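Asks: If you read the protein sequences in the order shown, they are chains A and B. Count the first sequence with my numbering and you get residues 1 to 93, in order. Count the second sequence with my numbering and you get residues 94 to 250, in order.
Hints may be right or wrong, so weigh each one.
Derived SDA-like pairs (lysine to any residue); straight-line CA-CA distance at most 25 Å [what the hints assert, rightly or not]:
no., chain 1, residue 1, chain 2, residue 2
1, A, Lys-54, B, Leu-167
2, A, Lys-91, B, Glu-192
3, A, Lys-54, B, Asn-109
4, B, Lys-171, A, Lys-91
5, A, Lys-54, B, Gly-241
Stretch-level coverage of chain A by chain B, calculated; a stretch enters the list once three of its residues show a Cβ under 8 Å from a Cβ in chain B [to be verified]:
no., region
6, 14-21
7, 71-82
Calculated directly from the structure, the hints in this document are not laboratory data. None of these values were measured; they are calculated from a predicted model. Using N, Cα and C, we set each Cβ at its ideal position, and we do this for glycine too.
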Amino acid sequence: MSSTFETIANIIAETCDIPRDSITPESHAINDLGIDSLDFLDIAFAIDKAFGIKLPLEQWTQEVNDGKATTEQYFVLKNLSARIDELVAAKGA
Amino acid sequence: MRIEYFQLIDRIVDLNLADRKISSEATVPAASTIFEGHFPGYPLMPGVLLIEAMAQTSGWLVVAMNRFQRMPFLAAVKEAKLRTFVKPGELLSIDARLEHDGSGYAIVEAKIRVERKLICDAALTLRVLDFPNAEMEREMRDRAATIGLTVEAPADG
């Protein structure tokens with residue numbers, strides 16, 4: 001079974017036509033990979049389906065806009081993977 | 094259908110919140126200035142307006158499911174297929190099913206049939222946002238009442 005990071009990296013590569021080997025755990029989806037908000041909806045849809053969760057994109061965006069969080073916390077892929085793992089764990093609890 | 098006003102849906106004929114589905118109908122007008130250009134001597138309902146009719150039907154489904162709390166806006170059109178021509182006066186039967194209710198967006202599969210024949214279909218992405226102002230929300234509620242959209246059933250089905 002592939003790791004969470006591997007799964008989302010593959011989703012990003014396929015959805016946004018980004019070479020898979022350029023996507024690392026340190027990549028920032030927006031700043032490094034150049035993914036815009038509309039493309040990120042496609043990624044969110046694929047992640048939601050793959051993991052059976054609902055990424056709280058609106059909550060994250062609000063927190064960033066309010067200065068309560070940084071984009072790195074949610075959009076650097078190792079951190080995104082951790083958030084997904086938390087959501088999966090919460091769903092199974 | 095008031096095509097020049099972009100009011101493409103005449104009536105909601107079925108709404109099933111449990112199954113996350115909606116059906117609507119719309120009659121393409123017999124005459125319109127649009128047909129003078131599309132096309133001269135051979136009037137056809139523009140494909141982009143068929144897509145818009147699917148988007149509006151999908152939007153009413155999303156509005157019904159969130160009980161007029163939020164407003165869907167068309168963001169992406171995928172896998173759109175315009176399979177055959179639609180002529181003035183034809184009755185469109187439009188079906189939409191919510192594929193995914195995401196955070197701030199929705200994915201909907203929509204189809205249009207004429208006399209049971211599949212005319213077009215697409216996967217639509219809608220951004221779902223707060224109403225930008227009270228006037229728009231009021232207008233949407235009024236329009237919903239006009240086309241027979243009621244939302245008494247629980248939003249989550």
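Asks: Each hint: holds or not?
Replies: Hints versus structure:
no. : hint                 : verdict
1   : Lys-54/A x Leu-167/B : holds (20 Å)
2   : Lys-91/A x Glu-192/B : holds (20 Å)
3   : Lys-54/A x Asn-109/B : holds (22 Å)
4   : Lys-171/B x Lys-91/A : violated (30 Å)
5   : Lys-54/A x Gly-241/B : violated (31 Å)
6   : 14-21                : violated (count 0)
7   : 71-82                : violated (count 0)
In summary, the structure is inconsistent with hints 4, 5, 6 and 7 from the numbered list given earlier, while agreeing with the others.
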